[in-house]
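Residue numbering for the sequence shown follows the numbering used here, starting at 1 and increasing by one per position.
Source of the hints: derived by calculation from the structure; they are not laboratory data.
Honestly, I wouldn't trust all of these hints.
As the list claims (entries may be wrong) - Simulated crosslink set (EDC-like; lysine to aspartate or glutamate; CA at most 16 Å straight-line): (1) K122 to E244; (2) K119 to D236; (3) K116 to E219.
To be verified - Now the in silico label distances, taken between C-beta atoms and shown as ranges: (4) T106 to G70: 37 to 47 Å; (5) L191 to R109: 24 to 34 Å; (6) H20 to Q162: 48 to 58 Å; (7) V69 to H186: 45 to 55 Å; (8) G83 to A127: 11 to 21 Å; (9) H177 to L203: 23 to 33 Å; (10) R109 to G70: 50 to 60 Å; (11) A161 to S64: 41 to 51 Å; (12) R97 to R51: 58 to 68 Å; (13) L114 to N220: 50 to 60 Å; (14) S188 to D158: 43 to 53 Å.
Model, not experiment: these values are computed from the prediction.
From the three backbone atoms N, C-alpha and C, an ideal C-beta is built for every residue, glycine too.
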Amino acid sequence: MSANGKSHLRYIQAEEALAHLLETGGYRPGDQLPPEPTLARQLGVSRATLREALRSFDQQGSISRRQGVGTFVNPRRLYVESGLEVLISMEDLLAGRGVAMTTANTWIRQEAALPKAAKRLKLPEGAPLTVISRTYLADGQPVAYLMEAAPATLVDSDELAQAGVSLLAYQLSQAVHAPAVMAQAHLSPVLGTPEICAALSVLPTDPIMFLEQTVFNTENCPICYARTYYVPDFFDFHVIRRSE
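Construct the complete structure from the given sequences, taking the supplied hints into account.
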């Protein structure tokens with residue numbers, strides 16, 4: 001193994017050892033970690049390698065390093081880990097992880113279908129759509145911004161407002177004929193527009209996760225076109241892959 005490879009391996013080992021210490025060492029938010037020489041000996045790494053690991057954990061928000069004072073443990077960051085294999089509404093995703101969810105800036109209206117939405121929903125341009133946009137908050141902090149559109153012939157705006165949930169949650173329920181059963185989705189990193197950055201309280205230079213999907217019902221008809229923007233510090237998505 002090259003010198004660079006060995007150095008990287010030591011750094012990974014230091015990160016894993018530090019993460020294990022924070023997880024099992026009995027530290028609470030606000031507790032101070034031992035001085036660097038003591039901590040390096042405790043973890044079995046060099047001080048230089050430890051500093052790299054501490055710098056990474058500081059950037060992640062797990063610890064705070066105060067010049068001339070020491071290193072302190074931060075409150076554990078709230079986040080949601082989920083697979084992308086299951087079609088699930090934002091409400092069920094957050095509630096299923098025990099997150100105290102609220103919503104803000106909900107806007108339900110009827111609009112004429114623009115070219116992209118019309119193509120996804122197999123409608124003529126200008127066809128009436130029921131559109132909803134809203135921000136989802138976890139413990140009072142914005143974590144996702146959602147925009148959904150469905151043919152107005154399938155979803156009435158007043159009925160959706162009365163249901164008080166997202167379009168997908170409404171269409172997944174048994175309250176509708178031919179409920180949603182699958183979606184074709186694409187996930188990519190993007191920079192938000194001023195509107196989205198304001199809704200999520202992020203900077204224009206902060207990358208966010210963008211999920212674009214078309215939802216289909218039991219009759220294989222497109223019934224919802226959705227664009228969801230996720231704060232990446234809060235969501236951790238994964239996909240389970242298997243061999244053929």
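These are the hints, each one checked on the structure:
1. K122 to E244: Violated, at roughly 33 Å.
2. K119 to D236: violated, 30 Å
3. K116 to E219: violated, 22 Å
4. T106 to G70: 37 to 47 Å: holds, 45 Å
5. L191 to R109: 24 to 34 Å: holds, 26 Å
6. H20 to Q162: 48 to 58 Å: The hinted range 48 to 58 Å holds for H20 and Q162, with Cβ atoms some 50 Å apart.
7. V69 to H186: 45 to 55 Å: Hint holds: Cβ distance 46 Å, inside 45 to 55 Å.
8. G83 to A127: 11 to 21 Å: violated, 34 Å
9. H177 to L203: 23 to 33 Å: violated, 44 Å
10. R109 to G70: 50 to 60 Å: Holds, at about 53 Å.
11. A161 to S64: 41 to 51 Å: This hint holds: roughly 44 Å between Cβ atoms.
12. R97 to R51: 58 to 68 Å: Hint violated: Cβ distance 34 Å, outside 58 to 68 Å.
13. L114 to N220: 50 to 60 Å: violated, 24 Å
14. S188 to D158: 43 to 53 Å: violated, 34 Å
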